[in-house]
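Chemist: Now for the letters of each chain:
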Amino acid sequence: MLLSRITSFFVVAFYPLTLLSAQSPNPITKGYLELLPIDKFVDALSLEELSEVIVTDTKIAQSVHSVTQNIQVIDQTEFERLGKNRRNLAELLQYTSGQFVNILSRNDANWGSYAGLGAKYNTYMLDGLPMDSFVDAMSLDPWAFERVEVQKGPASILYSNYMSMDFAGNEAPLAGTTNFILKDKIDRQMSRLQLGIGSYSTQNARAYHQDKKGDLSYFVGANLEKSNYTQYGEALSWLQTVNNPDYQKTKLYGKMAYDVSPNQKVSLFFHHTDHTGDTGRVYRDFDHRYETLNLKYNAKLSDALELQIQGGLRDYTRQFVNDNYPIDLSYTNTDHYRQTIVPVDATLNYKHGDGNVLTLGTDAQWNHFKSYRTDALLAISSQNDVKARSNGLFLQEKVQLGEWIVRGGVRYNHIRHDYTLLGGVTPEDKEASWFHTLWNIGARWNMSPTFSWYANSGTSFMTPSAKQVGGTITNPLTDSGQLSNASLQSEFGMGNDIGFEWHANEHLQYGMRFFYNKIKDAIVDSVIKTSPSQSQSFNAGQTVARGVELDMKHRVEETWEYFANFTYTNTHVEESQHSDSDGAAIPFVPNYVANIGITTLLPWEVTSSGYIQYVGKYYDSTSKSSRSEFGNYPLINAKLQKNILRNSEYSINALVELNNIADRRYVMPWGFIDPGFNAYASVLVTF
Amino acid sequence: MIYWRTFFVWMGLTVFSSILYAAQNPLETKIKAAYLYNFTKFVDWPDKKGKAIQICVTGDDSLGKLLEDLASKQGGQEKFTVISGSKINPAECQILYLNGSNREVDTLLNSAKEQNTLTVSDNEHFSERGGIITLFWDNGKIRFEINLLAVSKTNLKISSKLLELAKIR
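As you go down the protein sequences, you meet chains A and B in turn. Every letter in the first sequence is one number past the one before it in this note's numbering, and letter 603, counting from 1, is 603. Every letter in the second sequence is one number past the one before it in this note's numbering, and letter 117, counting from 1, is 117.
Simulated from the structure, these hints should not be mistaken for lab results. These numbers were taken from a predicted model, which means no experiment stands behind them. Glycine included, C-beta positions come from ideal geometry on N, C-alpha and C. There's no promise every hint is true.
To be verified - Only some residues are given here: those of chain B computed to face chain A with a beta carbon under 7 Å: (1) Tyr37; (2) Thr40; (3) Pro46; (4) Asp61; (5) Lys65; (6) Leu70; (7) Ser72; (8) Leu163.
Said to hold, decoys possible - Cut-off 25 Å, straight-line C-alpha distance, at most; resulting in silico cross-link-like pairs (DSS-like, lysine-lysine): (9) B:Lys141 to A:Lys213; (10) A:Lys265 to A:Lys226; (11) A:Lys213 to B:Lys161.
Please take these sequences and the hints and turn them into a complete structure.
Modeler: Right, here's the structure in full:
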């Protein structure tokens with residue numbers, strides 16, 4: 001069955017190739033750049049790059065293969081095509097190979113997997129500084145970004161763990177990193193306004209303005225969305241609603257960058273989000289506030305030396321009101337969470353020889369996580385009070401030897417936790433600390449200008465979060481949340497990958513990547529109950545995730561292009577102590593995910609994009625006796641864009657998004673269910 | 001099943017339409033257009049604050065059309081307009097791209113010399129004739145040369161970044 005699906009997938013994916021060879025009058029040997037529309041062409045190339053473009057047909061215009069990892073770049077053009085760029089950053093990566101993104105609801109964090117492991121093994125970063133892949137992904141506005149770089153494979157030398165104690169807890173770059181790059185190159189004034197309406201009485205307004213005044217460049221933006229939304233929980237689940245779950249999300253953000261001198265630059269980015277609403281019952285309100293700051297200083301000390309110093313603030317305040325469901329809908333209590341994380345990083349790059357780079361640096365993080373509960377009588381009870389800090393020192397050398405690029409590095413890491421209060425009680429062990437020395441190596445062989453091999457290997461570790469140790473539940477009979485497990489150990493893992501990138505010609509790219517990730521004492525989250533919704537973390541012995549990713553991307557003409565990818569994953573847990581878990585698959589990892597996307601430019605300036613995703617089977621727990629099976633569903637999304645008016649002063653575009661066209665109300669873990677077909681229409685004015 | 005059929009029919013139709021609609025522009029023309037566009041950002045014209053920059057193109061229809069396309073797609077992000085054809089008044093142009101016979105180039109160049117017009121051409125001896133920027137081929141790449149003597153006869157301010165990247169004459 002699976003084999004026939006894989007075969008069908010590639011027949012569908014490669015079919016247009018045969019069409020092309022039969023019908024297209026245009027040889028596909030000319031430059032990739034040649035096919036870009038002129039507006040994208042001038043955006044793609046800076047003035048410096050223009051003079052480096054090789055025009056002759058015998059060479060590829062852009063062939064930068066100087067990193068050992070496979071990196072996939074998603075730029076603003078693709079953001080716009082995807083359409084679903086208003087709510088969660090993870091949705092921008094939904095069709096990238098190796099990833100599985102479960103969009104639980106508009107009010108909750110997404111969940112998913114990456115390279116056969118939980119999403120927490122892929123750290124999210126904001127301009128290279130760690131951020132929360134669950135909270136910040138819900139908060140940050142995609143209009144602030146120039147592009148996203150998805151770096152596949154182990155990356156634990158240059159990038160640290162993220163110390164979050166909430167949601168999934170710590171995040172580690174064992175399987176890869178996803179770097180959201182803020183807009184930096186602003187050389188003209190530009191403003192955008194977008195107004196839209198959609199299913200569930202959704203109303204959205206966005207504004208953005210950028211400009212450059214002398215040595216100061218800046219952008220500011222705002223985003224407001226309101227909706228009555230709809231039922232997104234299974235019948236009789238803890239998410240069952242009696243009203244439409246209203247929400248309102250307000251975002252304000254901006255960045256200022258100042259060129260102190262030709263060789264020095266300082267920038268500040270800020271982002272504020274208010275997310276309020278209810279989950280469809282009288283006493284199920286929520287009120288969240290997220291603040292994100294990034295301060296960056298770059299200095300080119302000489303032709304060979306570059307210094308970068310960064311600091312950030314991630315401040316998350318979340319508040320949930322709880323009721324007595326399913327017994328009745330009366331008010332019971334309110335949970336309050338506050339987490340403040342300050343990451344800092346200083347990195348020095350020394351360029352030497354012919355293309356070699358020595359990188360050394362240090363980073364640190366401080367975290368304070370507190371939670372408390374107020375009951376019906378307004379009595380306050382503290383639940384958790386935890387501090388954590390980490391320090392890292394790292395060194396990496398990248399050497400270019402002809403067509404070979406070889407990289408090796410080490411990181412020394414220290415993490416310490418101080419537990420004042422866990423789950424409402426003072427713990428016996430008030431502190432815990434971990435020291436680890438990590439290594440990472442990689443190589444790339446640019447066998448020809450169009451074909452490259454690469455391989456990477458590296459270690460990583462992850463400490464249990466306070467939430468995983470202490471839990472979030474006071475009364476296991478009635479509360480939803482995380483059950484405690486005081487015996488959790490830290491986990492240690494090794495990530496490996498090998499693959500190739502092949503530019504068959506300047507329009508057509510193929511890629512294949514094998515990954516093999518092994519984690520000792522893996523901390524696995526399992527769903528224990530769905531009503532009330534309860535999860536628990538435990539060390540699952542050893543977990544192994546291996547798989548293969550196949551990628552192809554084809555720009556056939558200036559007017560149409562498509563991509564296809566397929567990820568096959570095989571995972572298992574080795575747990576000799578618990579026969580119920582031994583041999584089980586890692587939760588939340590589908591055995592395969594397939595994606596196809598086609599974008600076409602039609603007459604009358606209409607752009608059409610369509611995406612099909614097929615998700616294979618996955619489970620919500622390692623317990624073979626009690627786990628539930630999910631997946632095996634297709635998802636079809638489409639977007640149409642029509643230019644209404646365009647002149648040298650402004651342009652007006654109309655956009656229509658059609659999501660889940662097949663209206664598949666597939667069930668997800670924790671009792672979530674996709675609400676099915678929905679649509680959104682908007683008008684975008686640029687001036 | 002009906003959804004799948006509908007989806008594939010829609011995809012088939014859109015791909016077919018886009019093939020019919022396909023149009024190509026040679027990379028060389030795109031690079032020249034991109035250079036002219038970038039020059040608007042790295043050159044300051046006296047008394048031009050707030051006004052649209054006018055790019056005039058002679059003797060190269062495909063370049064003129066490409067720039068018109070770019071100007072319309074910029075949606076006001078960078079205010080410039082394009083005039084192409086043979087009846088061009090250099091006094092109205094901030095950038096004048098010249099392509100054609102030596103005599104035509106010389107005529108327009110002489111008219112432009114008295115204005116604050118940035119003259120650009122890929123004519124081999126453009127600098128010797130008094131033109132400001134010459135686009136030239138270098139090992140399969142298109143680069144540009146700036147004639148500082150010609151610049152000094154105008155009130156144009158050329159940014160250091162542009163000068164840094166140019167071959168200076």
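Chemist: Does Tyr37 of chain B pass the interface check with chain A, least Cβ-Cβ distance below 7 Å?
Modeler: Since the shortest Cβ distance to chain A is 5 Å, the answer is holds.
Chemist: Identify whether the interface hint at Leu163 of chain B stands, where standing means a beta carbon of chain A within less than 7 Å of its own.
Modeler: Constraint on Leu163 of chain B not satisfied, violated at 12 Å.
Chemist: Between the alpha carbons of Lys265 of chain A and Lys226 of chain A, is the straight-line distance 25 Å or under?
Modeler: Violated - the C-alpha atoms of Lys226 of chain A and Lys265 of chain A are around 38 Å apart, more than 25 Å.
Chemist: Close enough to count: is the Cβ of Leu70 of chain B nearer than 7 Å to one in chain A?
Modeler: Holds: closest Cβ of chain A sits about 5 Å from Leu70 of chain B, inside 7 Å.
Chemist: Can you verify the interface hint for Lys65 of chain B: is its Cβ closer than 7 Å to any Cβ in chain A?
Modeler: Not OK, violated: Lys65 of chain B not within 7 Å of chain A, min 10 Å.
Chemist: Is the interface hint satisfied for Thr40 of chain B? The criterion is a beta-carbon contact with chain A at less than 7 Å.
Modeler: Status violated, d = 9 Å.
Chemist: Can you verify the interface hint for Asp61 of chain B: is its Cβ closer than 7 Å to any Cβ in chain A?
Modeler: violated, 15 Å
Chemist: Using 7 Å as the Cβ threshold, decide whether Ser72 of chain B counts as touching chain A.
Modeler: Nearest chain A Cβ about 5 Å off; hint holds.
Chemist: Taking 25 Å as the top limit, are the C-alpha atoms of Lys213 of chain A and Lys161 of chain B close enough?
Modeler: Holds - the C-alpha atoms of Lys161 of chain B and Lys213 of chain A are around 17 Å apart, at most 25 Å.
Chemist: Would you settle whether the hint for Pro46 of chain B is holds or violated, based on the nearest Cβ-Cβ distance to chain A being less than 7 Å?
Modeler: Hint on Pro46 of chain B: violated, closest Cβ of chain A at ~18 Å, above 7 Å.
Chemist: Hey, Lys141 of chain B versus Lys213 of chain A, does the alpha-carbon distance stay inside 25 Å?
Modeler: The given pair, whose Cα atoms are some 33 Å apart, is violated under the 25 Å limit.
Violated hints for the displayed structure, listed by number in ascending order: 2, 3, 4, 5, 8, 9 and 10.
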